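Spelled out from the first residue to the last, the chains are:
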Amino acid sequence: MRRAADVVLIAVLLAAAAAALLAGGPALSAREALAALAGNGSPEARTIVLGLRLPRLALGLEVGAALALAGAALQALLSNPLADPFLLGISGGGAAAATAAFAALPASALGLVPATAMAGSALATGLVWWMARGPLGPSSTRMILAGVAVNAAASAVILTILSLAPSPRLPGALAVTMGSLASASAPAVAWLTPYVLIPAFVLLLHGRDLGLLATGEESAAGLGVEVATVRRRVFLAAAALCGGAVAFAGVIGFVGLVVPHLCRMVWGHATRRLLPRTMVAGAALMVLGDLVARRALAPVELPVGVVTAVLGVPFFVALLRRSP
Amino acid sequence: MTLLDARGLSGGYGGADIIRGVDLTVTEGRCVAVLGPNGAGKSTLLRLLAGILPASSGVVELCGRPLAGWRRRDIARAIGFVPQTVSFAFPLTVAEVVQQGRAPHLGPWRPPAPRDHAAVAAAIARVGLDGRETTPVERLSGGERQLVLLARALASEPRLLLLDEPATALDVRHQLDLVAILGRLASDGAGVVLVVHDWNLALRIAGRLVVLQEGRVRAAGSPTEVLRPELFRAVFGVDVDLVPRPGGAPFVVARQRSSGGDEFPPTS
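Residue numbers (this note's numbering), protein chains in the order written: chain C, 1 to 324; chain V, 1 to 268.
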């Protein structure tokens, strides 16, 4: 059953990727897009497929995998099924910094927005970590409360900037808060890749430890987990994944919360088994969501976060009803 | 052979010592019961012995080597730790929880081998939960959950078992099962330390008793050395009857709260 589910998951990912490349818009037929992929076809077709659709697909894969993996890891780390990358204020910090950058930086310096977003995420992570430190070290409850406080502060900053920003700058700033893969480019994908691969390796390395941590810190320590070290590494890795995702795609909710639960319903709760599947499922959902966001109301493009929610919720409800 | 040897052990939380200068030795095949009033530091002592909580002073040696020099994973292979309760954030099945006991034997990438599956199945059978492997633990009673945690510790095949009040939710039959399981472990050469409130259960299981009061050892020794009415008056503030039992330690029956504390000299 689980092996069959693995095959279906890979098939869905490949189908979503193929659809994103071949059926990404009305400008090209699938045959023309295929020719462009093979290096033939018109220069315009090659530009659309290789210069626009391929980076957008790669960015979608990276952002989806990053958010879902970070969500699954944080849920285990904090022993809280409702934890998600955004609960801890990491995305809020990144989004506030990016919005400020859009509003304040001159047009020639807008390339600095992703770097600013990452800095904001890092700052928020540090702030949450500092606020969560109690006499017995950072506790899960304090961490979530600190995340809620940082998110509230970030929302206030974003709303203030949106109220005061000159109107020509508003679309860019709003895109950060709504979430979009429209700014995908080959350099963006290259920048984001280490922010996904290195933290993902760290989290997969600690997959078994995370499963034990989900039963509480004392229980995990009794089973051989170096709790303080693992907690620090996992929190930083999840922060890097979220910061990277916000920097290049803005705030996309739902994926980090629901994809891990969808995967749990199919593959069970053993975290070591769950994490890699969560990455693949998150990537597939993001690519599918982006495809729908581009095509559903074309030429208007929907925020991809809206679509991932619309796609994911029915699956979630169906699986929830079916699960014992 | 000495499995665990604590000397002058002190430690607690946030810089405040709860345990103060405790000595405790566990040898192969020995079962030690730690008793004492609420707040005496029994669970804290167990955490210090398991290395989960760092000692502020004193030393704990595991198999002749200071605990501080052990890797956490190696400690977990040698010591099976059974906490009082575990919060399950996700609905794991009985088998999934017991499999966690094999984690110290597996690296980050290696999936469980047939040897690990066999240890898990044996541990589940030992606590009498065979046939319930796929049941989510959230559907189990409190007592059954305690048995799952015991099975998880047994699955790691430890040389030493530390149990924090393992019988609080067990019915009489399962208490007897617990006595049999721990007795068999001890006869196989394992060491056992259990924190327990029920004196009669402690007397059935343990050959050595350690009584804590306010973080210090108030009495320690064999049941005949420790079981004295004045100890109960001084430490627990109760009068007890010690009812003789043929061929074994007496039953302890609490009669009433005592009117005044007796002097009771510390023993070791």
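Just so you know, not all the hints are guaranteed correct.
Reference listing, derived: stretches of chain V covered by chain C, where coverage requires no fewer than 3 residues with Cβ under 8 Å from a Cβ of chain C [stated by the list, open to error]: (1) 73–79; (2) 189–200; (3) 226–234.
With the Cβ distance kept under 7 Å, some of the chain C side facing chain V (calculated, not the full set) [to be verified]: (4) Glu-32; (5) Ser-79; (6) Ala-132; (7) Ala-214; (8) Ala-228; (9) Val-266; (10) Ala-270.
FYI, nobody ran anything at the bench for these hints, they're computed from the structure.
All figures in this text were calculated on a predicted structure; none of them were measured in a lab.
We treat Cβ as the ideally placed atom computed from N, Cα and C, and that holds for glycine.
Going down the list of hints, with the structure as the test:
{"no.": "1", "hint": "73–79", "in the structure": "holds (count 6)"}
{"no.": "2", "hint": "189–200", "in the structure": "violated (count 0)"}
{"no.": "3", "hint": "226–234", "in the structure": "violated (count 0)"}
{"no.": "4", "hint": "Glu-32", "in the structure": "violated, 44 Å"}
{"no.": "5", "hint": "Ser-79", "in the structure": "holds, 4 Å"}
{"no.": "6", "hint": "Ala-132", "in the structure": "violated, 16 Å"}
{"no.": "7", "hint": "Ala-214", "in the structure": "holds, 5 Å"}
{"no.": "8", "hint": "Ala-228", "in the structure": "violated, 10 Å"}
{"no.": "9", "hint": "Val-266", "in the structure": "violated, 14 Å"}
{"no.": "10", "hint": "Ala-270", "in the structure": "holds, 6 Å"}
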